[in-house]
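Work out the full structure, taking the sequences as your base and the hints as a guide.
These are the residues of each chain, in order.
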Amino acid sequence: MNPTFASIQTAAPELALTVGALLTLMIGVFRGDRSLVPLTWVCVLILGIAGVAAVTGAPGEAFGGLYVADAYSAYFKVLIFGGAAVSALLALPYLAKTETGRFEYPVLLLLSALGMGMMVSAHDLLSLYVGLELQSLAAYVLASFNRNEARSSEAGLKYFILGALASGILLYGISLVYGFAGSTSFVALGSSLHGATGHEIGVLVGLVFILAGLMFKVSAVPFHMWTPDVYEGAPTPVTAFFASAPKAAAMGLLVRVCVEAFGGLTFDWRQIVSVVAIASMLLGAAGAIGQTNIKRLLAYSSINNVGFALIGLAAATPDGVAGVLFYMAVYLVMTLGSFLCVLQMRDAEGRPVETLASLNGLSRSRKGLAAALAAFMFSLAGIPPLLGFWPKFAVFTAAMEERLYLLAVVGVVASVIGAYYYLRVVKSLYFDEPAPAFAASNSRVNAALIGVAALFCSPLGMLAITPMVAAARAAAAALF
Amino acid sequence: MSGLPILSILILLPLFGAVWVLFAGGSEEGRADNARWTALIVTLAELAIGVALWLGFDSSTAAFQYVEKRDLFAPWFSWHLGIDGIALMLIILSVFLMPLCILASWTSIQKRVPEYMAAFLLMETLMLGVFAAKDLFLFYLFFEGGLIPMYLIIGIWGGARRIYASYKFFLYTLLGSVLMLLAMLYMVSVAHTTDIAALTAYDFAPEVQTWLWLAFFASFAVKMPMWPVHTWLPDAHVEAPTAGSVILAGVLLKLGGYGFVRFALPMFPEGSAQFLPLIFGLSVVAVIYTSLVALVQTDMKKLIAYSSVAHMAFVTAGLFVFNRQGIEGGIMMMLSHGVISGALFLCVGVVYDRLHTRDIARYGGLANTMPRYALFFMVFTMASVGLPATSGFVSEFLVLIGTYQISTWLGADMTMGIILGAGYMLWLYRRVIFGVGVHADAAAMPDLSLREAGILLAAAIPVFWMGIYPASFLNPLHAPVGAILARIERAAPPPVVVTAPRAKVQPTR
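Chains as they are written, first to last, in my numbering: chain A, 1 to 480; chain B, 1 to 509.
It cannot be assumed that every hint is accurate.
Derived pair list, reagent style SDA-like, types lysine to any residue, alpha-carbon separation capped at 20 Å [what the hints assert, rightly or not]:
1) Lys-367(A) to Val-353(A)
2) Lys-168(B) to Arg-424(A)
3) Lys-168(B) to Asp-432(A)
4) Lys-367(A) to Asp-33(B)
5) Lys-367(A) to Gln-110(B)
6) Lys-111(B) to Trp-37(B)
7) Lys-367(A) to Glu-28(B)
8) Lys-302(B) to Arg-354(B)
9) Lys-367(A) to Lys-111(B)
10) Lys-69(B) to Asn-2(A)
11) Lys-97(A) to Ala-150(A)
Label-pair distances were calculated between CB atoms; the ranges are [as the list claims (entries may be wrong)]:
12) Ala-453(B) to Leu-455(A): 41 to 47 Å
13) Trp-106(B) to Leu-406(A): 48 to 54 Å
14) Val-187(A) to Ser-189(B): 28 to 34 Å
15) Leu-463(A) to Ser-189(B): 23 to 29 Å
16) Ser-189(B) to Ala-164(A): 42 to 48 Å
FYI, nobody ran anything at the bench for these hints, they're computed from the structure. Glycine included, each C-beta is placed from N, C-alpha and C at the ideal position.
In structure tokens:
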């Protein structure tokens, strides 16, 4: 077969997304903003097709080793496309209410998903960069999607400037690595760095820069500063998207770069990852305590959770990586569920409210919503028997087996500190006197999504442990 | 044994009850009634299952019985259940107290009744799960999961400082538990099994045992609670509703003791032996110090809470003396204290429902107006003091026999605790029941209703049963305690050398 044709076949998910994005853009241009609802459903359909293509497609390399399809990329693509599809759906009621209902929203989501697909399939530092930038550019636009509001524009600008800086650092690191190691291909880097003694200091410096750029994308401390501001300023559905799919994609990318390309330098990057993990867990937990805005609180929660996930990477074993993969899957559902609940918070006139105090006594007026949000909070806090406990369990197990006791001890202490602010949300929901009731929701889709996510996080979700861990282990095995 | 998964039914039945109570439709009033009756029926059914377990139980073996295993959560852990005599007795205690709790809340809880009953049923599921789990992580899951319903019970239906108390309860116990989780992860990474029986048989390196023991200690000492990490208990007790206090004192505190006897002692014999001075020191301080603190309390519930800490110190001292009398006495103490302190909280609840204060000084002279109440209160006061023919006597006596064998001073200090215990309990009784009623509203309180009298009567039965014929409760304990003793023998400290009546000190079994 023609190698180009074979490559296109291997990259079928991305191809579907590219065609889909162009198609929806065309339709949108001709039909205008009233096509938002059908276009959203088309977008979900395309993401579904891409997901199926990712799972069923044959593994292999494409485009001269720039792109790879394997079990690992397939696992992440299912998460990413699923997260993007839910993000598209949950936005519909919001977009309809706030006069920002422009058709570009699903198109930008598709383009972002395309970039993310490239990120987790990247097999070369250059395709990595292209995927990352495509995803980021779409995300910058999405952050300021509510362009009439200063907060949203500010979020977009802030995200863009800091993101550009991070990209620059990343590119500089790539150039250093290329200069000292002589290649940008993961395979070539992996073999040339493997077992090398007395590493070139230049490669190490390059590695540090690359990690700094990637840590920015997963919003790990000390590259987290943008997160609370952007989460707070961006429209809530966009925040939900930022917290889910791009986070999973960036984590997938980070793990692949560390394990595949720099597997020979495990000892070196493990120190960096460990320090970053500890800082993220502690700062994420402590920073959230003083927050009164639920979106900022969830931003710190995501910093905190990234820290936990990085424990699994620091272990650098197949089990540890499988732990990260499992972590991201469960985290994706918990965070999307939480943001779905936040989207329900609208005052009597339908304006969105974001303060914690407005949640007071929700268990009286909206029993189901309060119970679901409480389940997400306990799950994020990692209290068994809710599902959120098990990802933490997975990464702690990996850390204990690699004898990384300090990481594990800091991790459990941080989870106790973190439990405090999750409990504070539950306290608002159940213990306090009711605040003014929220406007009734009429979106069945969102209600169903909340229900599914809550069931998944409930103890019932533990039945999913066996298949999910099996999938995560198979995916992780592709890297080793 | 039939193929019926009786332990699964025991654990899951309250869970289904809770779901039914929460999701049943109807008017506010109808849902509340439905919740009360469902909860009562479910807990009574649980009691029946518990009795059936007891009747079908083979007391002659230390092996786990009614074992079930399903690989639902591979590769990490499995749904693996089984009970030995110790677990059986604690399960009986739990299923016995639950209907009393439901009945005690029948009229006193008026707001959010379905949620309240659901929280209690959930609580029952988790407590029974702790005792029936035969898989390490299944145990942890139930152990830790109990925090959520208890947090809600204290926070929603508690008193004035309920929010502070609920946070304190949750975070205190969580910090203890997560350290235990790390120890568990380490154990599994070394022993490559999550089966509790297999882990008990595994010999961990003595130097590692030190750390593992400390991690488990951090969790169980907080749960127990031992001095000086007991401070969450008085707060939680005072703010919790009556039935919440009963469950807290009756069953949740027993989780710590159960943990010690199931994990800390048989899995880490060397570790345990190494920390005997710590355990005994903390126990002695707790017995004497918290008894003195109990003496000066003006709040009835707080007084009983501090007496709980003192009684739990008997349990820890008994469990770690490395002889049969001490361990069996410690377990008996858990059972006895579970019923007695539960009943005492119910007694406080009776007058609290009428006058809405727990201040001792607001009562007085109740013997004149509430003679039936005075009678029941006296029974439980005497049992708490440890009068012969009550369960308190049997358990305290066994613990004292056990402690005297290891150290005369320890035994003497423990005896001091009994004397102080008699002091604060009798003084409490005098101030509340005797004397002249100076408060008109306290004097106007009606005596026990039929429901209340029935609850207290039911609680009085096991107090006397354990006191007069303890063999029913001790028999199932002999075999598992024997197995623990065989396991820890190699690390046992030398028994104290007593010069004069040596023949009498020799253990009989």
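We went through each hint and held it up to the structure:
1. Lys-367(A) to Val-353(A): 19 Å, holds
2. Lys-168(B) to Arg-424(A): Between Lys-168(B) and Arg-424(A) the Cα gap is close to 12 Å, so the pair holds against 20 Å.
3. Lys-168(B) to Asp-432(A): 17 Å, holds
4. Lys-367(A) to Asp-33(B): 19 Å, holds
5. Lys-367(A) to Gln-110(B): 18 Å, holds
6. Lys-111(B) to Trp-37(B): 16 Å, holds
7. Lys-367(A) to Glu-28(B): The given pair, whose Cα atoms are some 13 Å apart, holds under the 20 Å limit.
8. Lys-302(B) to Arg-354(B): At roughly 19 Å apart (the allowed maximum being 20 Å), Arg-354(B) and Lys-302(B) satisfy the hint.
9. Lys-367(A) to Lys-111(B): 14 Å, holds
10. Lys-69(B) to Asn-2(A): Violated: Lys-69(B) and Asn-2(A) sit about 55 Å apart, past 20 Å.
11. Lys-97(A) to Ala-150(A): 18 Å, holds
12. Ala-453(B) to Leu-455(A): 41 to 47 Å: Since Ala-453(B) and Leu-455(A) have Cβ atoms about 44 Å apart, the given range 41 to 47 Å holds.
13. Trp-106(B) to Leu-406(A): 48 to 54 Å: 52 Å, holds
14. Val-187(A) to Ser-189(B): 28 to 34 Å: At 32 Å between Cβs, range holds.
15. Leu-463(A) to Ser-189(B): 23 to 29 Å: Given a distance of about 25 Å, which is inside 23 to 29 Å, the answer is holds.
16. Ser-189(B) to Ala-164(A): 42 to 48 Å: Because 44 Å falls inside the window, the suggested range holds.
Going through the hint list in order, the structure does not satisfy hint 10, though it satisfies all others.
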